[in-house]
Amino acid sequence: MTATAPLSHEAIEHELGRLIERSWQSFGMTVLELSAEHLVPLVTGLRDKFDFVLFLDVTAVDYPERSPRFDAVYHFYSRRHNQRIRLKVRVPAEQPVVPTLAGHYGSARYMEREVHDMYGIEFAGNEDMRPILLYEGFVGHPLRKDYPIEREQPVVAYRSPG
Amino acid sequence: MDVAPPLVSRLDRNADAGNVVVNIGPSHPATHGTIQIVAELDGETVKRADVHCGYLHRGFEKEAEHHTYHKVIPYVDRLNYCSALNNGFAYAEAVEKLLGIEITRRCTVLRTLLCEYNRIADHMTCVAASIMEMGAMTAFLYLMTVRDYIFEHLNHLTGARLTYSYVRIGGLARDLPEGWLARLEEILVFAEEYLERIHGLLDRNRIFIDRTRDVAVMTAEHALNWGFTGPTLRSTGLAIDLRKDSPYLAYPELDFEVPVGINGDNYDRYYVRMCEIDESIAMVRQCVGLLSDGPVSVDDPRVTLPAKDLVYTQIEALVHHFKLVSAGIVVPPGEIYVSHEAPNGELGFYLISDGTSHPYKLHVRSPSFVHMGGMHTLLEGYQVADVVPTFGSMNMIGGECDR
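For the record, the sequence lines run as chains A and B. Counting from 1, position 69 in the first sequence corresponds to residue 68 in numbering that gives the first Met the number 0; the numbering is continuous, with no gaps. Counting from 1, position 29 in the second sequence corresponds to residue 28 in numbering that gives the first Met the number 0; the numbering is continuous, with no gaps.
Please note that the accuracy of each hint is not assured.
As the list claims (entries may be wrong) - Taking beta-carbon pairs under 7 Å as the criterion, some of the chain A residues facing chain B (in silico): (1) 38; (2) 41; (3) 54; (4) 62; (5) 74; (6) 77; (7) 81; (8) 102; (9) 105; (10) 128; (11) 132; (12) 137; (13) 138; (14) 148; (15) 149; (16) 154.
Quick caveat, the hints were computed from the structure, so don't treat them as lab data. Ideal placement from N, C-alpha and C gives every residue a C-beta, glycine not left out.
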């Protein structure tokens, strides 16, 4: 890889600061916090201006005591800067919706389905929200903190093929 | 009885009337993993495919939130069980960074050595399984022989063939047993000899080339868009490798190349893996040269278990052992994303600590899961007989994919 100057969060703020609420460094990684309506423009800007071409991961974190309750956490990789970045979007429990990134990255389709399974967060615009790690008929969202680990779901009855 | 289908695929509803919808898996003799592929076929050609995983889901992330940091290690082993050491080292590094622990020199080199040693076994599994499914039984048995020597050898070190639980926060479970390095060199020589035979059997084999060349082709842009990493991404010609780009462990000191492909087809994925095995063998040898004497675990009473002979003879050591095992280690609050170059691609651990002895959140960015999300793009447009070789070339590991 050709080495380029490391990308500071100031450089990103300089270009896209109006979309970012807060930014800091955490263990060498730039973290940007933003609101859901700025997610798509920011990701577009990161991809087009800073070459964040690889959408690595999306997950969520549940803070039941906090309002808004969830964080949606994204990780991207920039080829040109050889750097990873984290985006955090606060998601309220009353209306757990964030826009999908499926239009920007194909890999978003599957990963957003997993977050939907586990936390019940909707990704507006991702038309495929079927369960992926769970099964049709599973009740609840197991990675929410209020889902007890010992809860059992009924065994799926035998389903005859057709 | 009211019956519901196991999986609702849109293809069942909106497939072209002249096409046939075929279900492959989740438990199928030709897919060495629990994965379901619903394919819409026009004759023998796959028009559209719907890949569905999750049949091996066992709630890894939920379990991790209810276990102390050390007790997560056996679960971590069961992600990619073909290269369990790589998973453990990535997880341990995430915890160690939050704790601010720097592992010993001998531990750094040993972990690097074992990462590459396990990568050899993992790549051999992938190549062996995918060519076996194309009918190459000899090559399969050759590779499985070598792989089994490696597993027996790791068994000597760790006490288990596949799921080692060998890593510890701040070090390793134990040092190398006597004679281990001598046997290591024997196995490497043996592996090289057998890899020559694999190259001879496959590289210019007409049948193998016909089955893999120009099948499931992709460009680098396509691979990035669908989140492919590891050998799958490098088969398209992009030299993106965490060991080079953001080196961890002892990788900065090692001399190695990053093999890349040209076409991004199944043949290139086979060849990239074979070249990576060669590089890994060279790296293991370099690590043996770098090994220095010293402890394998840090001398930090916050995390390191006391020696067993002390536990059995001294009350202080016994109490210390008991506290570490029952209460666990306390990790300061913080969040971190640590990614390693696992044999399949970027394996990331996103860990949040709230200052207690359990992870508040532990998320795994598993390469297999992301690969399965993009695999349908490699199946569509090719023959139904290509489904299995393409799937094999991705080396999907159920434990890591479904967590």
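Residue hint residue 38 (chain A), partner chain B, criterion CB-CB below 7 Å
Where the cut-off is 7 Å and the nearest Cβ of chain B is about 18 Å from residue 38 (chain A), the hint is violated.
Would the hint on residue 41 (chain A) stand, with a C-beta cut-off of 7 Å toward chain B?
violated (18 Å)
Residue 54 (chain A) was flagged as interface toward chain B. Is the shortest Cβ-Cβ separation under 7 Å?
At 6 Å from the nearest chain B Cβ, residue 54 (chain A) passes the 7 Å test, so the hint holds.
Minimum beta-carbon distance criterion (7 Å), residue 148 (chain A) to chain B
holds (5 Å)
Mind checking the CB of residue 81 (chain A) against every CB in chain B and telling me if the closest is under 7 Å?
Since chain B brings a Cβ to about 5 Å from residue 81 (chain A), closer than 7 Å, the hint holds.
Given residue 128 (chain A) was flagged as interface, is its beta-carbon under 7 Å from a beta-carbon of chain B?
It is violated, given that the least Cβ distance between residue 128 (chain A) and chain B is near 12 Å, above 7 Å.
Status of the residue 137 (chain A) interface restraint (C-beta, 7 Å, chain B):
With Cβ-Cβ at 10 Å, over 7 Å, it is violated.
Given residue 102 (chain A) as an interface hint, is its Cβ closer than 7 Å to any Cβ of chain B?
Check failed: Cβ of residue 102 (chain A) comes no nearer than 11 Å to chain B, outside 7 Å.
Would the stated hint for residue 62 (chain A) survive a check requiring a Cβ distance to chain B of less than 7 Å?
Status violated, d = 9 Å.
Against chain B, is residue 105 (chain A) within 7 Å by beta-carbon distance?
holds (4 Å)
Can we keep the residue 149 (chain A) interface hint, with Cβ of chain B closer than 7 Å?
Since chain B brings no Cβ nearer than about 10 Å to residue 149 (chain A), farther than 7 Å, the hint is violated.
Status of the residue 77 (chain A) interface restraint (C-beta, 7 Å, chain B)
violated (11 Å)
When the structure is compared with the earlier hints, violations turn up for hints 1, 2, 4, 6, 8, 10, 12, 13, 15 and 16 and for no others.
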